[in-house]
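*Asks:* Protein sequences, first through last, are from chains A and B. Note that the first sequence covers residues 174 to 282 in the working numbering. Note that the second sequence covers residues 836 to 947 in the working numbering.
Be careful, since some hints might not be right.
Unchecked claim - To give an idea of the interface, some chain B residues facing chain A are shown, with a C-beta separation under 8 angstroms as derived from the structure:
id	residue
1	G877
2	L913
3	S917
4	L925
5	G934
6	E935
Keep in mind the hints are simulated off the structure, nothing from the lab. Since this is a predicted model, take the numbers as computed values, not measurements. We treat Cβ as the ideally placed atom computed from N, Cα and C, and that holds for glycine.
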Amino acid sequence: DAKTTQPPSMDCAEGRAANLPCNHSTISGNEYVYWYRQIHSQGPQYIIHGLKNNETNEMASLIITEDRKSSTLILPHATLRDTAVYYCIVSDRSYKYIFGTGTRLKVLA
Amino acid sequence: DVKVTQSSRYLVKRTGEKVFLECVQDMDHENMFWYRQDPGLGLRLIYFSYDVKMKEKGDIPEGYSVSREKKERFSLILESASTNQTSMYLCASSQGYTGELFFGEGSRLTVL
Numbered sequence: 174d175a176k177t178t179q180p181p182s183m184d185c186a187e188g189r190a191a192n193l194p195c196n197h198s199t200i201s202g203n204e205y206v207y208w209y210r211q212i213h214s215q216g217p218q219y220i221i222h223g224l225k226n227n228e229t230n231e232m233a234s235l236i237i238t239e240d241r242k243s244s245t246l247i248l249p250h251a252t253l254r255d256t257a258v259y260y261c262i263v264s265d266r267s268y269k270y271i272f273g274t275g276t277r278l279k280v281l282a
Numbered sequence: 836d837v838k839v840t841q842s843s844r845y846l847v848k849r850t851g852e853k854v855f856l857e858c859v860q861d862m863d864h865e866n867m868f869w870y871r872q873d874p875g876l877g878l879r880l881i882y883f884s885y886d887v888k889m890k891e892k893g894d895i896p897e898g899y900s901v902s903r904e905k906k907e908r909f910s911l912i913l914e915s916a917s918t919n920q921t922s923m924y925l926c927a928s929s930q931g932y933t934g935e936l937f938f939g940e941g942s943r944l945t946v947l
């Protein structure tokens with residue numbers, strides 16, 4: 174499965190958009206891009222996923238580049254409760270997910 | 836509201852003890868998973884199951900076994916606990932090949 178590269182940490186001001194990048198240059202045609210987040214002391218929580226097209230739901234937007242080699246998760250108006258570790262995963266099978274160490278997002282008041 | 840429930844949030848066991856970690860999901864999902872999470876290593880897959888009585892090894896199955904006698908329940912067994920199995924254990928379930936994972940709250944196991 175394709176590996177992903179994420180920055181280890183990011184800060185974002187409360188109320189501003191948080192843009193979390195992910196590189197997945199070896200992604201194959203049938204692999205989806207998934208995003209999860211993990212708030213301290215809880216299990217990871219699904220946020221969004223996509224294959225080729227940009228996706229939006231009530232939590233976030235996912236922007237995938239045309240060549241699919243990178244993507245960006247956008248939290249449009251970050252709050253303190255969005256402070257968490259965010260994982261970007263690419264896979265064509267749920268049992269092949271590789272959770273790396275993710276990006277630790279800190280939302281600042 | 837969908838739910839994955841793990842039986843214990845915190846456990847303390849002695850080296851050599853047999854340990855059972857239980858997980859129940861109420862979503863009628865086909866797939867269930869056990870991960871462990873350690874600082875700096877992310878989540879690593881121990882075992883998964885795609886049907887009742889079916890199981891597949893993940894990336895780090897050594898020292899663990901699993902049981903899935905009913906669709907909703909997936910148990911992780913440490914036959915003889917060791918100190919290097921001190922970790923956070925996370926259970927998850929999903930439906931289909933590409934379904935999103937629903938995680939439980941985790942079970943923090945300490946082996947003394």
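*Asks:* Are the hints correct? Go through all of them and say.
*Replies:* These are the hints, each one checked on the structure:
no.: 1; hint: G877; result: 5 angstroms, holds
no.: 2; hint: L913; result: 20 angstroms, violated
no.: 3; hint: S917; result: 23 angstroms, violated
no.: 4; hint: L925; result: 5 angstroms, holds
no.: 5; hint: G934; result: 6 angstroms, holds
no.: 6; hint: E935; result: 4 angstroms, holds
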